[in-house]
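**Student:** Based on the hints, put chain B in the right spot on chain A.
What follows is each chain in one-letter form.
Protein chains: 2
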Amino acid sequence: MNRFIEVCISPSLLSESHNNFQCTVVTDIFRATSSMVASMGNGANWIIPVSSPEQALSYRTADSSLVIAGEQGGDNLAGFDLGNSPLEHAMQGGKSIVMSTTNGTKAIRAIQNLGTGEILIGAFLNLSKTADYITSKEGNLLILCAGWKGNFSLEDTLYAGALIEKLLQKNKLFSIEKCDSALAALTLYRQVSSNLADYLRSASHYKRLIRKKHKSVEQDLAYSLQIDKFNIVLACQGDKIQILNF
Amino acid sequence: MNRFIEVCISPSLLSESHNNFQCTVVTDIFRATSSMVASMGNGANWIIPVSSPEQALSYRTADSSLVIAGEQGGDNLAGFDLGNSPLEHAMQGGKSIVMSTTNGTKAIRAIQNLGTGEILIGAFLNLSKTADYITSKEGNLLILCAGWKGNFSLEDTLYAGALIEKLLQKNKLFSIEKCDSALAALTLYRQVSSNLADYLRSASHYKRLIRKKHKSVEQDLAYSLQIDKFNIVLACQGDKIQILNF
Chain A
2 MNRFIEVCIS
12 PSLLSESHNN
22 FQCTVVTDIF
32 RATSSMVASM
42 GNGANWIIPV
52 SSPEQALSYR
62 TADSSLVIAG
72 EQGGDNLAGF
82 DLGNSPLEHA
92 MQGGKSIVMS
102 TTNGTKAIRA
112 IQNLGTGEIL
122 IGAFLNLSKT
132 ADYITSKEGN
142 LLILCAGWKG
152 NFSLEDTLYA
162 GALIEKLLQK
172 NKLFSIEKCD
182 SALAALTLYR
192 QVSSNLADYL
202 RSASHYKRLI
212 RKKHKSVEQD
222 LAYSLQIDKF
232 NIVLACQGDK
242 IQILNF
Chain B
2 MNRFIEVCIS
12 PSLLSESHNN
22 FQCTVVTDIF
32 RATSSMVASM
42 GNGANWIIPV
52 SSPEQALSYR
62 TADSSLVIAG
72 EQGGDNLAGF
82 DLGNSPLEHA
92 MQGGKSIVMS
102 TTNGTKAIRA
112 IQNLGTGEIL
122 IGAFLNLSKT
132 ADYITSKEGN
142 LLILCAGWKG
152 NFSLEDTLYA
162 GALIEKLLQK
172 NKLFSIEKCD
182 SALAALTLYR
192 QVSSNLADYL
202 RSASHYKRLI
212 RKKHKSVEQD
222 LAYSLQIDKF
232 NIVLACQGDK
242 IQILNF
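In order, the protein sequence lines correspond to chains A and B. Position one of the first sequence corresponds to residue 2 (the working numbering), numbered consecutively onward. Position one of the second sequence corresponds to residue 2 (the working numbering), numbered consecutively onward.
The shape of chain A in the complex, shown without the other chains:
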């Protein structure tokens, strides 16, 4: 039986029709899910994704040992330990993290609220292992791009294309025939995959980060586009994001 893959290019386009997927991969390449994989790949205990900076701060009030991380509209947040840079996150070691971002953590919350199946956290950094895990299971797959404030985002769509490419290579049961955005993501990825970094330097999100003068934008881009730096699968388990035993 075919396993259908669909791509939802923005949480704003999520609807009741998306609640019948056995698995959803949420991605926010610049930079929430890349930061999550970087944290967990470098020994963090777990991450709790929340929908607002206020929620993150209230976790800290309850437990001062937590690291609170995130950004809002691309800006760092007062009173937070960390921003949303994968490079910063890679240096945290064995901490427990609460994270609030403009797009990524909101997308996770949106799909959780829809009450669908398993939720994975995807980035180029853990591309193949995530594909291996999905292949080992059954059912249909939704790839949910966090986008930027509800709109299309190039880097998230390209990750969707990369994941689809991996899955199609692994198993002939996977099919994208029901979903135009999956076909578009795959076509785009195949077209630019040999030069992903240069292509993404022309993306609006990269330019937005450059305008915000984040000191590590260029390094974050290079870091986030490393394929398979970590051999881990991240999944939402209860309110936490943790490494799956696989």
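Simulated from the structure, these hints should not be mistaken for laboratory data. Hints are supplied without guarantee of correctness; some may be wrong.
Because identical chains cannot be distinguished in the list, a pair is counted as satisfied if it fits within a single copy or across any two copies.
[As the list claims (entries may be wrong)] In silico DSS-like links for lysine-lysine, alpha-carbon gap of 30 Å or less:
hint	residue 1	residue 2
1	Lys-173	Lys-208
2	Lys-167	Lys-138
3	Lys-167	Lys-213
4	Lys-138	Lys-179
5	Lys-208	Lys-167
6	Lys-179	Lys-213
7	Lys-171	Lys-208
8	Lys-208	Lys-138
9	Lys-173	Lys-213
10	Lys-213	Lys-171
11	Lys-138	Lys-171
12	Lys-241	Lys-96
**Tutor:** Structure of chain B alone, referenced to chain A:
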């Protein structure tokens, strides 16, 4: 001064941020805007786009000489003179038409309700003349893809890419640097433009029309992908779509 082009890939993603464009091109290649261009290019007087079949029927009650056209969910409508096939529309001659479709006429109504600037009707059938007209004016351009029931649609996005390609060739002031979906649409179009029909046969919308067993799907596809069959610009003027004197 740069003239920015943005692409909104679905009316579901329209927001207040889209009300500052001097011009919007609405496109629904399969098949509403292709049908509109086919009608008007073959001598129709004008078209009134409406949001529901009931509205179209009430126009007919008021004036029995009107042709009412459209579809709902891809199905033809009882009591309607015409469906949504560009080929059928091309054969209407000098009629006045009221049209209701699942995506295209709703997209036109959505952008009208946002109270933005000039609204044009775009299809491959009138690509170059539309590009000429936009180039002759000033200001920023929004390309609004009608999509399918709120979701991404490949053929509309490829039309957006084709129009962007034309505009960038015509004038160096046009810029897509603020919009990832414009860059993605252009990249996709450049990748598949030499084989548009074959690529679109793998699109979900084409397969949906095939499943609905519309007799003219294959001919409609070929008809709709003809570039510059008509040398006309269509614009919303009051409640009507008419040919612009240009």
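**Student:** All hints are to be evaluated individually against the structure, with a verdict given for each.
**Tutor:** Taking the hints in turn, this is what the structure says about them:
no.: 1; hint: Lys-173 to Lys-208; result: between (38 Å within a copy, 20 Å between copies)
no.: 2; hint: Lys-167 to Lys-138; result: within (15 Å within a copy, 46 Å between copies)
no.: 3; hint: Lys-167 to Lys-213; result: neither (34 Å within a copy, 32 Å between copies)
no.: 4; hint: Lys-138 to Lys-179; result: within (20 Å within a copy, 39 Å between copies)
no.: 5; hint: Lys-208 to Lys-167; result: both (29 Å within a copy, 25 Å between copies)
no.: 6; hint: Lys-179 to Lys-213; result: between (39 Å within a copy, 15 Å between copies)
no.: 7; hint: Lys-171 to Lys-208; result: between (35 Å within a copy, 25 Å between copies)
no.: 8; hint: Lys-208 to Lys-138; result: between (38 Å within a copy, 28 Å between copies)
no.: 9; hint: Lys-173 to Lys-213; result: between (44 Å within a copy, 27 Å between copies)
no.: 10; hint: Lys-213 to Lys-171; result: neither (40 Å within a copy, 33 Å between copies)
no.: 11; hint: Lys-138 to Lys-171; result: within (12 Å within a copy, 51 Å between copies)
no.: 12; hint: Lys-241 to Lys-96; result: within (13 Å within a copy, 62 Å between copies)
Comparing the model with each earlier hint shows violations of hints 3, 10; every other hint is respected.
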